[in-house]
Amino acid sequence: MPKTIEEINAKIKAGKAVVCTAEEIIGIAKKKGTKAAARDIDVVTTGTFGPMCSSGVFINTGHTKPRMKITKAFLNNVEAFCGIAAVDLYVGATQLSENDPANSDHPGAFRYGGGHVIEDLVAGKEIKLRAYGYGTDCYPRRELTSSFTLHQINDAFLFNPRNSYQNYNVAVNLGKKRIYTYLGMLKPGLGNANYSSAGQLSPLLNDPLYRTIGIGTRIFLGGGIGYAAWPGTQHDPSVAKTARGVPRGGSGTIAVIGDLKQMKSQWLRGTSVVGYGVSLTVGIGIPIPILDEEMLVYTTVTDRDIVAPVVDYSYEYPNLTGKIVGETDYASLKSGKIKIGKKTVPTYPISSYPKAREIAQTLKSWIVGKRFFLTNPVQLLSGKESGVSFRAFGGRYR
Amino acid sequence: MKGGTMTISKRVVLHFPPSLVEEPMTYVLVKKFNVMFNILKARVSVDDGEGALLLELTGTERNMNNSLIYLKQLGVKTETLDKDLVRADEKCVQCGICALVCPTSAFSITAREMTLNFDAAKCIGCDECRKNCPYGAIKTYFP
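Going down the list, the sequences are from chains A and B.
Mapping the first sequence onto my numbering, position 181 (from 1) lands on 181, and the numbers just tick up by one.
Mapping the second sequence onto my numbering, position 11 (from 1) lands on 11, and the numbers just tick up by one.
There could be a bad hint or two in this list.
Stated by the list, open to error - Simulated crosslink set (SDA-like; lysine to any residue; CA at most 20 Å straight-line):
1) LYS35/A / VAL297/A
2) LYS131/B / ASN103/A
3) LYS187/A / ASN103/A
4) LYS264/A / ALA88/B
5) LYS337/A / ALA111/B
6) LYS264/A / GLY136/B
7) LYS16/A / ARG39/A
As the list claims (entries may be wrong) - Sample of chain A residues at the chain B side, in silico, Cβ under 8 Å:
8) TYR182
9) PRO188
10) SER272
11) VAL274
12) LYS334
13) VAL345
14) TYR348
15) TYR353
16) PRO354
17) ARG396
Stated by the list, open to error - Derived CB-CB ranges, DEER-like:
18) PRO346/A / GLN73/B: 44 to 52 Å
19) TYR27/B / THR321/A: 54 to 62 Å
20) ALA121/B / THR4/A: 55 to 63 Å
21) TYR27/B / SER147/A: 50 to 58 Å
22) GLU7/A / LYS139/B: 46 to 54 Å
23) ALA121/B / ALA243/A: 43 to 51 Å
24) PRO346/A / TYR27/B: 37 to 45 Å
None of these hints come from the bench; they were simulated from the model.
For each residue, glycine too, the CB sits at the ideal point set by N, CA and C.
Bound-form chain A, shown alone (with noise of 0.2 Å):
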C-alpha cells in the first residue's frame, strides 16, 4: 500500500517514523528484502558536500542615514553584483578579489574570494562594506565605508543557480603537461583519475527520475534548512540511464534557496581550487520518502551501479566535442585506481564522503528529533519526457 507525504509527518510527530540514510539502506533492504523495507522505512535520507560553483547569496543591507543607491560595491575586497534596486546585492561564489592575480602568477593560488566571503558571513566574522553610488535626489549619499556582521543588516538568502548534481564526469589528461581544472589538478599522459560525487549517499542519485524532488522540497542546506526552488541551470534529464534509471553521467541539477542566518559555516566553506578559482563548498542533503517499492528500490543504488564516463579534460572538454575516454563506477573509483585501457591510474576524490555521510546521518537525527518535515513539492523536477537537455550556446560568433 503506497505511503503519502502527509502520513509520514504524522509518523515523524508521533515519534514513530523509521529512517535510514542511503548507506544504510543497502543492507536492510539486503537482508529483509525490498518489498518488507519498503514497509517498514518511511524516509532514506541523501547527503553530499562538494564544491557547487554556482552558489551566491543575496543580502539587502538595509539603508544608510542618508540613503544611498549603491552601484558599486566590496564586501573584504570581493565585489559584489549591484544591478538590482538600491541596496540588494548578490555576492558571488566564484567571485575573485579585486587585483587578485588569478592565473598570470601561474598556477595561481586564489586564496579569497566571494566563496570566503559567504563564509565568513556566515561565521558571524565582520565584512568590511566599501560602495559606491551616483547619487539621486532620494538616495543622495554617494559613498561608504563600513562593516557589519549578518545579523545587522536585514536580509541574506543563499540562492544557488546550479547544486547537487546527479553524477558527473571523471577527469583525466591525456595531453603532455599538467592542467589545472575544476576537478583539480590533472597530471599528464592519464596520469590521475579525479571525481566529484558522493555516489550512492547522492541526493538526485537516489530518486532518480525525480518522482519525489520538485520545487517547494525542503533540504538540509548549509547546515540549516533550504528548499528546492526551480530545476537547476543545465539540468538535463535526456542523459541514457543505466537498466535503474541511474544517469550515466552530469544529468539532473537543482537551484536551491535559504536563510543564511540559521545556516553554519561549516557546511558553507570558502574553497581555493588552485589553478581554476574560487568557489563554495556546500552541503546538502535531501530526504527521499519511500512513497512505495518502487522509491525503496531507487534508494538501494550502491556505488558498483552508478557509471560516470571517463573525460579527457586536456582536449576534449575544453574543445566541447562531447567525446569520452570510457566509462568507469564509483565502487571502482573508490577503490583508488581504475584501468583506463592498458594503465592503471589512481583515482582521487574532490568531494567529501565522510562529510556527505554526517550530513545524512544529520538529517535522520533532524527528523528522528521532529525538527524536520517532509513537503510535497508544487512541481516535480522536469524529466525526459519534457524534452529539456542541456544545449551548448546557440547563439551567433560575432
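Here the structure of chain A is known, so what remains is to put chain B in place on it, guided by the hints.
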C-alpha cells in the same frame, strides 16, 4: 646485542642562527659520527641570516644520538619532521587533494571508507599539500 648499533633513518629539521651559516656541520656528521645525510631542502633566509636544513639522516642509533647532541651543543635547534606539518581537524573536510599532490603518498585516502591518513615517516617537506589544500587546513613550518 650491543646497545645503539641498529641502523635507523630519521627526518629532521635543523634551524641554525646566522653565526653557524658558514659552519660545515653536515660534513662533521659524516666524518666524526659516520651518519649519512640526504638533503631534502636547504635555505638561508635573506632577512635574518637564519638557515634551515631538512635532512634525512641514517646511522646507528648511538651515532645518531651523539650527532644530535653535537648539533645541540653547537646551537642548532633540531626537530623531527612530524611536528612541522599541522592539519587543522576543524578545517579539513577529508576531500583528497592533498593525497593527489603528495609525491610520496604521505597523505592517502583509505579505499571505500574515504578517510584521510597522514604518514609522517613518508613526508619529505615539499609543501605541496599546504599550497593545494582548498580549505587552508594545512600549516607547515618547513624550512
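Tested hints:
About 9 Å separates the Cα atoms of LYS35/A and VAL297/A, which keeps this hinted pair within 20 Å; it holds. Restraint check for LYS131/B and ASN103/A: satisfied, since their Cα atoms lie roughly 14 Å apart, inside the 20 Å limit. With a C-alpha separation of about 18 Å, the suggested pair LYS187/A and ASN103/A falls inside the 20 Å cut-off, and the hint holds. A distance of roughly 18 Å separates the Cα atoms of LYS264/A and ALA88/B; the hinted pair therefore holds under the 20 Å criterion.
Restraint check for LYS337/A and ALA111/B: the C-alpha separation of about 9 Å stays at or below 20 Å, so the hint holds. The straight-line distance between the Cα atoms of LYS264/A and GLY136/B is roughly 18 Å, inside the 20 Å bound, and the hint therefore holds. Only pairs whose Cα atoms come within 20 Å are accepted, and LYS16/A paired with ARG39/A is accepted, the gap being roughly 13 Å. At its closest, the beta carbon of TYR182/A sits 11 Å from a beta carbon of chain B; the interface hint therefore is violated under the 8 Å criterion.
A least Cβ separation of about 14 Å between PRO188/A and chain B goes past the 8 Å threshold, and the interface hint is therefore violated. Hint status for SER272/A: holds, given a least beta-carbon distance of 5 Å to chain B, under 8 Å. Nearest Cβ of chain B to the Cβ of VAL274/A: about 5 Å, under the 8 Å cut. The hint holds. Taking 8 Å as the C-beta contact cut-off toward chain B, the hint placing LYS334/A at the interface holds, the least distance being around 5 Å.
At a threshold of 8 Å, the smallest CB-CB gap from VAL345/A to chain B is about 12 Å, leaving the interface hint violated. Look at TYR348/A: its Cβ gets to within about 4 Å of chain B, closer than 8 Å, so that hint holds up. The interface hint given for TYR353/A is met, as the beta carbon of that residue sits about 4 Å from the closest beta carbon of chain B, less than 8 Å. This hint holds: PRO354/A has a C-beta 5 Å from the nearest C-beta of chain B, less than the 8 Å allowed.
Interface hint status for ARG396/A: violated, as the beta-carbon distance to the closest one in chain B is roughly 37 Å, over 8 Å. About 46 Å separates the C-beta atoms of PRO346/A and GLN73/B, a value consistent with the hinted range of 44 to 52 Å. Distance hint check for TYR27/B and THR321/A: the Cβ-Cβ separation is about 58 Å, which falls inside the suggested range of 54 to 62 Å. Distance hint check for ALA121/B and THR4/A: the Cβ-Cβ separation is about 58 Å, which falls inside the suggested range of 55 to 63 Å.
The supplied range of 50 to 58 Å is met by TYR27/B and SER147/A, whose beta-carbon atoms lie about 56 Å from each other. Taking 46 to 54 Å as the suggested C-beta distance range, the pair GLU7/A and LYS139/B conforms, at roughly 52 Å. Evaluation of the 43 to 51 Å hint for ALA121/B and ALA243/A yields a pass: the beta carbon distance comes to about 47 Å. Remark: the range hint 37 to 45 Å for PRO346/A to TYR27/B is upheld by a beta-carbon distance near 40 Å.
Hint compliance for this structure: hints 8, 9, 13 and 17 are broken, all remaining hints hold.
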